[in-house]
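Engineer: Start from the sequences, fold in the hints, and give me the full structure.
In case you want the letters, here they are:
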Amino acid sequence: MTAARDPEPLHRRLGVSDDELDAIVDRLGRAPNDLELAMFSVMWSEHCSYKSSRPLLRTLPVGGGDVLAGPGENAGIVRIGDGLAVAFKIESHNHPSAVEPYQGAATGVGGILRDIFTMGARPIAVLDALRFGDPSDERTRHLVRGVVGGVGGYGNCVGVPTIGGELVFDPSYAGNPLVNVMAIGIMPEDRLTLAAAPGPGNLAVLFGSTTGRDGIGGASVLASATFTDDDPSKRPSVQVGDPFAEKLLIEASLELVERRLVAGLQDLGAAGITCAVSETADRAGTGIAVDLDAIPRREWGMLPFEVMISESQERMLAIVEPRLLGDVVEVCERWGAPAAVIGRVTADGHVTVVTGGIAADGSPADGAAVLARIPASALTSDAIVHARRAEPPARRRAAPAPGPAAEPDGDLPERGMDPGAVLLALVGGPNGASRRWVWEQYDRHVQTSTVADATGGAAVLRIRGTRRGLVATTDCAEGVSGLDPYLGAAMSVAEATRNVSVTGARPLGVTNCLNYGDPTRPEAFWQLREGVRGLGDACRALGLPVTGGNVSLYNESPRGAILPTPEIGVVGLLEDVERRAAPAFRRDGDAVVLLGRAGPGLGGSRYAALAGADPEDGPPTLDLAREAAVQACIREAVATGIVRSAQDVAAGGLATALAECAILGGIGARVEVAVEGAPAVELFGESPSRIVAACDPADLDALRVLAAAHGVPAERLGTVGGDRLVIALVGRGATGAAEERGARVADEVDIAVSDLAHAWEHGLPRALGEDA
Amino acid sequence: MTVRVGVVVFPGSNCDADAMHALALEGAEPVALWHESPELLGVAGVILPGGFSYGDYLRAGALARFSPVMRSVADFAAAGGLVLGICNGFQVLAEAGLVPGALVRNRSLRFVCREVTLVPERLDSPFTIAVGERRPLRMPVAHGEGCYVADDATLDAIERDGRVLFRYSRPDGTPAIGPDDAANPNGSLRGIAGVANAGGNVAGLMPHPERATEGILGSDDGRAIVASLVRSAAARAGGAARVVGSTGAGPTQRATGATA
Amino acid sequence: MSDQPLAAALAFRYAVHVMPKAGILDPQGRAVERSMPHLGATGVRDVRVGRRVELTVEATDEAAARAVVERLAAELLANPLIEAYAIALIGAVGGAVGGAAADRGSGT
Amino acid sequence: MSDQPLAAALAFRYAVHVMPKAGILDPQGRAVERSMPHLGATGVRDVRVGRRVELTVEATDEAAARAVVERLAAELLANPLIEAYAIALIGAVGGAVGGAAADRGSGT
Ligand SMILES: Nc1ncnc2c1ncn2[C@@H]1O[C@H](COP(=O)(O)OP(=O)(O)O)[C@@H](O)[C@H]1O
Ligand SMILES: [Mg+2]
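Residue numbers (my numbering), protein chains in the order written: chain D, 1275 to 2046; chain H, 1457 to 1716; chain G, 28 to 135; chain U, 28 to 135.
The set of hints was computed from the structure by calculation and includes no laboratory data. It is possible that some hints are incorrect.
Pair ranges (Cβ atoms, derived) [as the list claims (entries may be wrong)]:
no., chain 1, residue 1, chain 2, residue 2, range
1, U, P107, G, A58, 17 to 23 Å
2, U, P107, D, G1346, 36 to 42 Å
3, U, P107, D, P2039, 43 to 49 Å
4, G, T87, U, R61, 22 to 28 Å
5, D, P1462, H, G1671, 25 to 31 Å
6, G, E102, D, G1623, 52 to 58 Å
7, U, R61, D, G1559, 55 to 61 Å
8, H, D1628, D, P1874, 46 to 52 Å
9, U, L108, D, G1337, 40 to 46 Å
10, D, H1369, U, L37, 54 to 60 Å
We put the CB at the ideal spot given by N, CA and C, even for glycine.
Structural biologist: Now the structure itself:
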């Protein structure tokens, strides 16, 4: 070794701290060899071990009646009736996408899909939640094109529709874009397959792609220590996805599950074979002996550690009873996913890596050498946990700095200026405009179950063979989160679930991807801690289990940390897919109703980003009981058929919500909004727990009665019709003459729907310089 | 007697199940045809479904063309059997030379998934007889390499011979001839969305009729195309004499054909 | 094994270049050309984007190997309606070419 | 044209070959290779699929032109993380470089 020449000891170069090395020695009862150290270094990474976040995540509400699998499994699974269950999970691929946007995003899709079919579920949908820096920056544009291309390139080819997601631009993501991908699958309940390795004597079968030197990353120092002539910088740290191989892997895996040929199934992701064997063994309380020589490779001269930690894509590990091996191999080969027996389940609780063969009882064959031997738990459930220090920033509520804000098109409407101009700027701005440029690159219809795609609001899928439907969305209130990470996380849950509820669907559970900064920075860890607290409180208040998720830390660049971004994914169930609501206004003469009431606070809003925020102005408050009531109310209104158009009030406020209903419906409306405080709060404020609904005037009373029963304010704003959106601001009549009831208190918004639609449709390509 | 229609399953096909579903809706019996097998299992018509056969690596459809099943499909087509290639299936047919022209990358260089309108150019082909009248049909496209190209002589010839089955159009049915027309999703020459071979029994179509077969999916205009295929196949199968006798037509096919 | 003379070479490595035919629209080439100004590159024109396929053929002599490549190029690698191809021998290896070639990049 | 001296050339045509780097998975190459049996081609292996980009650069001399191509290749045509490139001069207009070089291998 080069240790003598190099003052930096190997463990540190592998990213293992001195106290972590002590903990490893403690668990082994001896010093690790280089291979073992490499295996620990990847398994004890933040990504695999959750060593900073695990204690926080334990506080989240999990489980509940319909939850078949919760956090800790590859994906959460919730029972939905008819003998069916739905699997879903969200995961980040931020750092790979920052380096190589196309392949980073593509392999992100591949990875999350494997989490779904590993459980025995057929993937039926993908959603992508994306965050980038300034869209006018060439580097950002390159990232956007690459990431969107990669999500589509992979998802389209594997034949899973990409039905929704998000695209948000904020300068904080400039050096560190976020690529979070959610996948959903469906399966008969009894197909549930766990990623465990039960039954000593069973075979460990690796199938799919061969193993190469992909994703060795930082651990390549081990190779350079041995092969001085081999420049580690030449080693690919980027992985290339093969969606075609994944498609075959899906079919092979599902056939294995359907025919009950496997005792356990685990995908290979981060930390490759090491992770797959140690996790499956630890879950089952068994051990696994791996025969290094039996692992099919696509490169020559691979070192043991490279084979063990390679992150080559499109591979699966199956635990197979010896008598079923022939069938398993036949299925895999037929689907073009070659299989190899690479080891055996043992009873000794250890992950053992051997070269030279393994005997039938799992012990090393005669003349074989043991290269590594580690308790499976030491690599997984008993990995190190760090108690990080949390400290709020000196100024609790750092309001966004006033001054010039991101401007879409030259002249920026100032505070108090023509509200119509503000609305056009919001609707046509990079964050408000239609995402068509993105979702047209995604196959949204394959599998022919997409009832409503990403064109507006949450996506709806039918469940074949039943009357039911699934509704899915992702959401995050990163703006508020930047001001108050607790509130931001709770708000994210409220928004995501509201997005689902406005369709009429009952949210089933929450998956989340916590994108935060460097946890060794007390402020970043405080943000994470507050975020998890907000997530937990909101889920408890709304009666929802957290079924799984993912934590992505160290989202920082020389330009600073990202806004704390707790991305929330929600899946909901529609009892009758024909009974659902969508944002679009449908019919002339329908009554426009606002459920809920605006509260003050423009901090963190799109309006504040556009027009500059008052430094004293904080974010709006969130009343979780009110939120629950509003959502219950709209679900009932849709289920009873009273309401067929509904849109939640979120980014861009009430005026934006109305504009979207008008644009999507191709029909205008005339409404009056009663103003209590500042007109900007009523029009563009983003206080939560509000929904715009449209109904037949004949049903208005029924809707009012329903709202009253839920304790939710319901106010008729006006009427659908015409080709213009007119929003008049009138006094509420609470105070003096100037705000006399019905008196105009500000200029009204009066814009042709076609102008709104034009701004909305062209906003994104224009922002990206793609408006050809 | 339900008519059996085959759906080829290549590795990487991903609309095979959707095509089978659409066939079943039209009362046909869908039969999966595995790419490794030359047996056509006595079907009276064949669909090459959408997807990414063999990953669409190299060129879309290029590798699928050489699979064992395609030899049988070529023989089946040569003997007058009905073959409809949808999206990737169209690409496979073009690569195999079973329909004229080629499909190259969309002019935008981006994958495009959107609802388009197309108009049938003729109503008497086996793939359009159930359409009834010359009306605009709405259905989605979803492809990265769907730009139809051929040299001018070929284009003139297929137009003259009535082998252009469908063209992209504006919502009102006006054909979107120009490659840069907003209603032409991929820049196809002369707005061509679907073509037939000289015999009229093999057709390629870029849009997805099988994705537009139920109102809940947004449109059921695709049913007319699927129904045309099923009806035409049934008519041919009905004449039991019309059994394909070439090399690709295995004994199974002969037997089933005779009983149909 | 590698001590055999070249004449006994059993494996030949070729590059097949497949380019869009003249007159066939090449949107990729056009896109590359259009992005030149962003890169501050001037005076670049007539960009065409095609494929390069490298492959090794085992055969008793070069003529036999080339015949295989010729067929692959004509039938698979290029679509004659829209593409033209050219074949270049880029290497010959004597005897049993180890798997080492598997890792070879574009170099010969 | 070909009778002018090379020094007077004003436009140079290059081929840039971009291939997946050693060790990087090449799904295309793998898929092509796997389908060889269907074509009845045996003895074909190590298939790698990359791109060939041809372009013309106007410059006062070859060194200046090559500098432009070099930059384009590194920054636009290839992704150095996963791809390696090689540049070949395949012609010069107003100069003396014939097309003979067109099929030259990747060189580096
Ligand atoms: N990156 C993306 N991929 C796919 N769909 C997207 C993406 N970004 C946004 N969408 C879709 O665009 C629509 C509008 O986005 P957004 O304003 O975030 O929705 P919502 O109003 O439901 O919160 C949604 O249906 C969403 O799913
Ligand atoms: Mg939203």
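Engineer: Next, verify each hint and record whether it holds.
Structural biologist: Hints, one by one, checked against the model:
1. A C-beta distance of roughly 20 Å is found between P107 of chain U and A58 of chain G, which places it inside the suggested range of 17 to 23 Å.
2. Against the hinted window of 36 to 42 Å, the Cβ-Cβ separation of P107 of chain U and G1346 of chain D comes to about 39 Å, which satisfies the hint.
3. Checked against the hint of 43 to 49 Å, the C-beta distance between P107 of chain U and P2039 of chain D comes to roughly 29 Å, which is inconsistent with it.
4. Checked against the given bound of 22 to 28 Å, the beta carbons of T87 of chain G and R61 of chain U, roughly 24 Å apart, stay inside it.
5. Separated by about 27 Å at the C-beta atoms, P1462 of chain D and G1671 of chain H satisfy the suggested range of 25 to 31 Å.
6. A C-beta distance of roughly 56 Å is found between E102 of chain G and G1623 of chain D, which places it inside the suggested range of 52 to 58 Å.
7. Checking the proposed 55 to 61 Å range against R61 of chain U and G1559 of chain D shows it is violated: the Cβ atoms sit about 40 Å from each other.
8. In this structure the supplied range 46 to 52 Å holds for D1628 of chain H paired with P1874 of chain D, their Cβ-Cβ distance being about 49 Å.
9. Here the CB-CB span from L108 of chain U to G1337 of chain D is close to 43 Å, well matched to the stated 40 to 46 Å.
10. Judged by the Cβ atoms, the range 54 to 60 Å given for H1369 of chain D and L37 of chain U is violated: they are separated by roughly 46 Å.
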